[in-house]
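Novice: Sequence:
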Amino acid sequence: MIDCRVSALVVSIAGLCAAGGAAFDSLAADLPVLKSGLWEVVRASAQQGDQKHLTTMCLDDSVQAEMREFSMGVAKEMCTQNDRHVEGNRMTVKATCKLGPTTMKTESVMVFNGNTAYHTDSSERYDPPFMNMSETKSTIDGKWTGPCKPGQQPGDIVTETGQTINMKAMMKK
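Residue numbers for the sequence shown follow my numbering, so the first one is 1 and each next one is one higher.
Rather than coming from a laboratory, the hints here were simulated on the basis of the structure.
From the three backbone atoms N, C-alpha and C, an ideal C-beta is built for every residue, glycine too.
Be aware that one or more of the hints could be misleading.
[Stated by the list, open to error] If you anchor each label on the Cβ, the simulated ranges turn out as follows:
1. H85 <-> D50: 30 to 36 Å
2. R90 <-> V42: 18 to 24 Å
3. Q48 <-> A117: 18 to 24 Å
4. G146 <-> T103: 40 to 46 Å
5. H85 <-> E160: 30 to 36 Å
6. P129 <-> T80: 17 to 23 Å
7. K143 <-> P101: 21 to 27 Å
8. P128 <-> G162: 18 to 24 Å
9. T161 <-> N115: 39 to 45 Å
[What the hints assert, rightly or not] Straight-line distance between alpha carbons at most 30 Å, and here's what the computed DSBU-like set of lysine-lysine pairs gives:
10. K94 <-> K76
11. K143 <-> K52
12. K149 <-> K98
13. K35 <-> K149
14. K168 <-> K105
15. K149 <-> K52
16. K105 <-> K149
17. K94 <-> K105
18. K143 <-> K76
19. K172 <-> K105
20. K94 <-> K149
21. K172 <-> K76
22. K98 <-> K137
23. K149 <-> K76
24. K172 <-> K149
Build out the structure end to end from the sequences listed, making use of the hints.
Specialist: Here it is, written out as structure tokens:
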């Protein structure tokens, strides 16, 4: 069974891949395609203090393309605003989306270091509160660490608990 932390991770990574590849064709040429291989992703939130969540993901071009497509579909269904702006290696996103009865307003800034690293700062406000939260602030740092491990398939995410989830399979459900 996938718990809420894994669901949040999956949504975060899908959003990052959508951002990394750009949701709009006009932005695609301005942003790097992340390097294929094993990525280490560290998430932290203000609500959890110094606690950081480490996951790894085996990424290739096909995974990025599928995650962009999936995320764009979700954004079209759930969001009334999805503004993205790229300047140099920095992308800013402002979105307003519905999560059931809750309206989420999010602002994020993603900064790329070539195609081998990125840093994201984001803040979300929820009205009414979502999962007992009215506001969240988080950071995500991703970095390429080398080739995927033997036996890993593109899309494999290994969570901090050691659980392996394949994003490609999950998006097809």
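Novice: Run every hint past the structure and note whether it holds.
Specialist: Hint check:
no., hint, result
1, H85 <-> D50: 30 to 36 Å, "holds, 32 Å"
2, R90 <-> V42: 18 to 24 Å, "holds, 20 Å"
3, Q48 <-> A117: 18 to 24 Å, "holds, 23 Å"
4, G146 <-> T103: 40 to 46 Å, "holds, 41 Å"
5, H85 <-> E160: 30 to 36 Å, "holds, 32 Å"
6, P129 <-> T80: 17 to 23 Å, "holds, 20 Å"
7, K143 <-> P101: 21 to 27 Å, "violated, 37 Å"
8, P128 <-> G162: 18 to 24 Å, "violated, 35 Å"
9, T161 <-> N115: 39 to 45 Å, "violated, 29 Å"
10, K94 <-> K76, "holds, 14 Å"
11, K143 <-> K52, "holds, 15 Å"
12, K149 <-> K98, "violated, 37 Å"
13, K35 <-> K149, "holds, 15 Å"
14, K168 <-> K105, "holds, 27 Å"
15, K149 <-> K52, "holds, 23 Å"
16, K105 <-> K149, "violated, 37 Å"
17, K94 <-> K105, "holds, 7 Å"
18, K143 <-> K76, "holds, 29 Å"
19, K172 <-> K105, "holds, 27 Å"
20, K94 <-> K149, "violated, 35 Å"
21, K172 <-> K76, "holds, 18 Å"
22, K98 <-> K137, "holds, 18 Å"
23, K149 <-> K76, "violated, 35 Å"
24, K172 <-> K149, "holds, 24 Å"
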